[in-house]
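Trainee: Sequence:
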Amino acid sequence: MSAIWGAIDFSGREISENTRNILRSAFNECAIDRTEEISSGNVYMGCGIQYFTPESKNEKLPFEKDGAFFTADAVLDNRAEMCSKLEIINTPELADGEIIRLCFERFGKDCLNDLLGAYVFVKYNSSTGVVDIVADAVGNRYIQYFLEDNILYFSSLRAPLERLKKEVKVNKRWIAYYYGVNTLDTFYDSESTIIDGIYRTIPATHMIIKNGQIESKNQYWDVTKIKRSRKHKSDSEYRKEFIDLYRKCITDAIRTDEEVSVFLSGGYDSTSVACLAAPFLKDKGKKLYSFTFVPDEDFVYEGPVGKEANEYESVKRNMEFLGNVECDELSLKGIDLWDIRKEYDKVTELPYKSPENMIWLYKGFQKARKKGARLILSGAFGNGTVSYNNLLPYLMWLVKTFKFKRYYDEITAIQQRYGSHRKKIVMSTLKGIFEGALPDTVRFDAYKTCYAYESFLAENGAIAEIKRNDRINKRSYNKAEKHHGLFLPSLNFRHYGEFPFKNSLFTGVLFRDPTRDKRMVEFVKTIPFDQFTHNGYTRRLISEYMREYMPPKFFIKHPFGIQSADMKFVFEKEGDRVIEEWKSIVSSLDDKGVVDKDRLLNDLNTKSMKDFSYVEIMRLFYTINALEYINNYEL
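Just so you know, the sequence shown maps onto residues 448 to 1082 in the working numbering.
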């Protein structure tokens, strides 16, 4: 696993030392273990190798042979399988990048759907003038790039590309969507960046550049085209297949000689990851180090019963039965959530949106490294895979397909298991069918309350894109056949991969989420609807199939954790100071024709921090953070 960078001049001109230095030096602050590079006339490639796996110490990248140049950022999850295909011995001396190179050299594009893991690679054939750039299926790793004056520039970081590009301007369409979507979503597509003309690799895509021109972008795996199987296996077969696969996704990711850590909440996803990872590590005589966010020590949660803001004590109790999990808190005590933005914007190379979540996650990477871990696990993607919940769409599907006996049995079982009133379940089902009722969390026309000028949003396609997404939600949310697709659009792989990758570069800790494994995504997309909800069990892959592996009391009145519940409280503690700083910053900045400064300043002048809601404080944060960020560029 590595940071990679390079430049290829298709006109045959030598890559200058200045260009090489700009690319190389951009990674000075990253946690690189070893740097290697090749400079040969019109080709320059670099690799900042990070020792995440035992074999990574043997990486020989970049690599050149007979005019073919290759560099990669790679951790393979199926080394043995790919070595078998190559008919070679899987030895510790054989690094992951080398296996990928040999596979692509021998099988070409036909091997791409078989490669599993976290990777991106670049290959240049000087005799044909062809560059192949390939990124892994689920967006774990990527590079950014641009073409100018018949030269391809690429890098794991965007910063050096901005220094090399002749004209650097903000991508209006990107920033319009960033503001207009008015949620924590950041991206409208899988390849655009905040800088016009600089792009990033698309997950599951093979891009071919020939003689300085992009020839094709071919998607070798498409999550939206995976079809549900009509062939039903027995329930015990599905259970065994799921448990075996989940365990393999987790153990394949744990390929390290160093310590292993995990982001651990009290929820289904991360707990299930820990419960399969810890026994595997125990057999090796190792611990699993867990990190759980804790709110400000003065914060008192006053939310509904059945929810909790501080899950740390619950997590510790849950983990006791495993015997080898060392739990630790993730506290942001002493960290100013506003002041730290410039430091973290430099890591993300974006104006990030969530002021508290993003910071405690980054601090988790740093804390893991201090524990001696080079790997941190997560279950962040689990809502779309291992703990997917299709209760209401499934019940509606049973009624609409006249499966009334099954419907009656299900609502009876739900009533018995959860104490829910049967009449309430029936009314919710009918309301969904006849009125298309959606949860309060699903919002439409959200752009109307953001601080960007509506004319700017309209001119740059944001409103049209947001309305298109709204239509998809309306058409899909209450349909069992389409509901799952809302959790697994191709774009989600970018959303979930963008920031952990940068955290990894700057901390030297590899992020892996087994719930986002390509094999797991394929599994949950093919099994029938009733495998997720059946006999009164919801989120059934965890709540029933994983029951024997989970903590003994985990499912007994299990509280629902609230992430970053104290965010408003934390800002209120510094309220007047932050409000005054926001007013000063906004007053001093050019609105760029993007943000309605008068409306923004009016809110800041007439309200205190306590007057703003949780969502409004978050909106103020990312509105001002982004306005400050784009003022560094032309628009």
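Hints may contain errors.
Each computed EDC-like pair below joins lysine to aspartate or glutamate, with the alpha-carbon atoms no more than 20 Å apart [as the list claims (entries may be wrong)]:
hint, residue 1, residue 2
1, Lys734, Glu706
2, Lys972, Asp579
3, Lys619, Glu995
4, Lys754, Glu744
5, Lys817, Glu609
6, Lys895, Asp699
7, Lys1054, Glu1081
8, Lys532, Asp561
9, Lys789, Asp1037
10, Lys972, Glu476
11, Lys507, Glu540
12, Lys729, Asp682
13, Lys507, Asp480
14, Lys789, Glu609
15, Lys695, Glu995
16, Lys817, Glu882
17, Lys664, Asp579
Ranges between beta-carbon positions, derived for each pair [stated by the list, open to error]:
hint, residue 1, residue 2, range
18, Glu744, Glu614, 56 to 62 Å
19, Thr630, Asp1043, 34 to 40 Å
20, Lys512, Lys616, 51 to 57 Å
21, Tyr865, Ser902, 45 to 51 Å
22, Asp1043, Asn1079, 17 to 23 Å
Just so you know, these hints were derived from the structure itself, not from any lab. In this text, a Cβ means the ideal position worked out from N, Cα and C, and glycines have one as well.
Trainee: Now look at each hint and say whether the structure bears it out.
Mentor: Cross-check of the supplied hints:
| no. | hint | verdict |
| --- | --- | --- |
| 1 | Lys734 / Glu706 | holds, 7 Å |
| 2 | Lys972 / Asp579 | violated, 29 Å |
| 3 | Lys619 / Glu995 | violated, 52 Å |
| 4 | Lys754 / Glu744 | holds, 18 Å |
| 5 | Lys817 / Glu609 | violated, 32 Å |
| 6 | Lys895 / Asp699 | violated, 46 Å |
| 7 | Lys1054 / Glu1081 | violated, 32 Å |
| 8 | Lys532 / Asp561 | holds, 10 Å |
| 9 | Lys789 / Asp1037 | holds, 18 Å |
| 10 | Lys972 / Glu476 | violated, 40 Å |
| 11 | Lys507 / Glu540 | holds, 10 Å |
| 12 | Lys729 / Asp682 | violated, 30 Å |
| 13 | Lys507 / Asp480 | holds, 13 Å |
| 14 | Lys789 / Glu609 | holds, 18 Å |
| 15 | Lys695 / Glu995 | holds, 17 Å |
| 16 | Lys817 / Glu882 | violated, 54 Å |
| 17 | Lys664 / Asp579 | holds, 10 Å |
| 18 | Glu744 / Glu614: 56 to 62 Å | violated, 49 Å |
| 19 | Thr630 / Asp1043: 34 to 40 Å | violated, 19 Å |
| 20 | Lys512 / Lys616: 51 to 57 Å | violated, 39 Å |
| 21 | Tyr865 / Ser902: 45 to 51 Å | holds, 49 Å |
| 22 | Asp1043 / Asn1079: 17 to 23 Å | holds, 20 Å |
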